[in-house]
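Colleague: If you read the protein sequences in the order shown, they are chains A and B. Note that the first sequence covers residues 1 to 301 in this note's numbering. Note that the second sequence covers residues 302 to 390 in this note's numbering.
Some clues are possibly wrong.
[As the list claims (entries may be wrong)] List time: in silico SDA-like cross-link candidates among lysine to any residue, alpha-carbon distance up to 20 angstroms:
(1) Lys315(B) with Val40(A)
(2) Lys315(B) with Thr44(A)
(3) Lys35(A) with Asp313(B)
(4) Lys98(A) with Thr128(A)
(5) Lys315(B) with Arg151(A)
(6) Lys163(A) with Glu152(A)
Don't read these hints as lab results, they were simulated from the structure. None of the values given here were measured: they were computed from a predicted structure.
Listed below, chain by chain, are the residues.
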Amino acid sequence: MGAQIREYRQRIRSVSATKKITRAMELMAASRVVKAQQAVRESTPYARAITRAVSAVATFSNEDHVLTTEKETVKRAAVLIITSDRGLAGAYSSAVIKESERLLQRLRDEGKEPVPYLVGRKAVGYYTFRDRPFAAEWTGDSEKPSFETAREIGRRLVDDFLKDSDTEGGVDEVHVVYTRFVSMVTQEPEVIRLLPLEIVEQEMAEAADAELFPLYEFEPSVEEVLDALLPKYVNSRLFNCMLQAAASELAARQRAMKSATDNAEELVKKYTRLANQARQAEITQEISEIVGGASALAESK
Amino acid sequence: MSQLQVELVAADRKVWEGEASQVSARSIEGELGIMPGHTPLLGVLVEGDVTIHGEGGKRTVRIDGGFLSVDHDRVTILAESVDAAELAK
Numbered sequence: 001m002g003a004q005i006r007e008y009r010q011r012i013r014s015v016s017a018t019k020k021i022t023r024a025m026e027l028m029a030a031s032r033v034v035k036a037q038q039a040v041r042e043s044t045p046y047a048r049a050i051t052r053a054v055s056a057v058a059t060f061s062n063e064d065h066v067l068t069t070e071k072e073t074v075k076r077a078a079v080l081i082i083t084s085d086r087g088l089a090g091a092y093s094s095a096v097i098k099e100s101e102r103l104l105q106r107l108r109d110e111g112k113e114p115v116p117y118l119v120g121r122k123a124v125g126y127y128t129f130r131d132r133p134f135a136a137e138w139t140g141d142s143e144k145p146s147f148e149t150a151r152e153i154g155r156r157l158v159d160d161f162l163k164d165s166d167t168e169g170g171v172d173e174v175h176v177v178y179t180r181f182v183s184m185v186t187q188e189p190e191v192i193r194l195l196p197l198e199i200v201e202q203e204m205a206e207a208a209d210a211e212l213f214p215l216y217e218f219e220p221s222v223e224e225v226l227d228a229l230l231p232k233y234v235n236s237r238l239f240n241c242m243l244q245a246a247a248s249e250l251a252a253r254q255r256a257m258k259s260a261t262d263n264a265e266e267l268v269k270k271y272t273r274l275a276n277q278a279r280q281a282e283i284t285q286e287i288s289e290i291v292g293g294a295s296a297l298a299e300s301k
Numbered sequence: 302m303s304q305l306q307v308e309l310v311a312a313d314r315k316v317w318e319g320e321a322s323q324v325s326a327r328s329i330e331g332e333l334g335i336m337p338g339h340t341p342l343l344g345v346l347v348e349g350d351v352t353i354h355g356e357g358g359k360r361t362v363r364i365d366g367g368f369l370s371v372d373h374d375r376v377t378i379l380a381e382s383v384d385a386a387e388l389a390k
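Make the full structure from the sequences, and use the hints.
Modeller: As structure tokens, then:
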């Protein structure tokens, strides 16, 4: 009986140690998620300004830019999957990966060959474990994405988009799977098509309602402005996706760690009850042994 | 004389916002000076210094290329990264 109490006490100790860790991780995620949300907010002035500039240029030029035109036949489609570097965030990474699997299946059904590009160690692990090929990976800063990474990814994707898909291993479409940060309790995996750009017209329509663009002069020329502007627009959208994914990751981690802490609390409670019961049983048994021994002595006299 | 409303925006933050009497930057075709009343303009900037002549004197920041848009005395300078060390002084 004594052994059982010891076992229970040991379990209580180890569960409370785990609880301390999960509690600490919960608090850390909670404080970082605020920062991540702030980062999303701070990137909006740039995103807004660049969107406005793109709309302005699009209004004045009817030219088709290579980044905005649909290719006639789509053979290879790039899929950028944005996941986290670390686990312990509940279903965060698996939800994104599941969504991406659906997209890959859809692309295959449409007769396109999907080419995965991975962000975050979780996605890389998933692909290497299954021995699946992927075009590129970026890891190391999923929690706090830097613009440098976004720029690197953007450059790679635009470069591959400009290459010919038959001969040079380029792609004809670029899709992004990321987790949209809706609120602290809701984050949704979402798929957007990044290239060829289609959002421009939509936002142009919105902007046209709000204001009329003045007759801009372009320096040096419309085409060159567009040439320089569109890749930057792509980077800015990618950066926004990565920031939202980071905020979602932290929010998911906070929730997962909170439920782990709650669970640990429950376990401690349960084991305390069991330990108390075992202790009481031991005492009862000792008493009955003493009483039994005493009466046996008395009878033998 | 009216003033320019200047906004200097980097990819991850708004670096500076305020009034200025003149802004100069380097575009592809050379040095570009903006004064109040400039015609609407969208220009590509190359790596170099952007100088803002404001109330508190001259401010210079280094950018790694970006955009400049001018309309109705509003100047927006977009750069992917801004070295604002000079600004902090």
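Colleague: Hint by hint, say whether it matches the structure.
Modeller: Hints, verified against the model:
As the CA atoms of lysine 315(B) and valine 40(A) are separated by approximately 12 angstroms, the hinted pair is consistent with the 20 angstroms bound. As the CA atoms of lysine 315(B) and threonine 44(A) are separated by approximately 9 angstroms, the hinted pair is consistent with the 20 angstroms bound. Between lysine 35(A) and aspartate 313(B), the direct Cα distance comes to roughly 13 angstroms. Compliance with the 20 angstroms bound is thereby established for this hinted pair. Our distance criterion of 20 angstroms between C-alpha atoms is met by lysine 98(A) and threonine 128(A), whose separation comes to about 16 angstroms.
For the hint pairing lysine 315(B) with arginine 151(A), the CA-to-CA distance comes to about 18 angstroms; that is within 20 angstroms, so the pair holds. Distance restraint check for lysine 163(A) and glutamate 152(A): the Cα-Cα separation of roughly 17 angstroms lies within the 20 angstroms cut-off, and the hinted pair is therefore satisfied.
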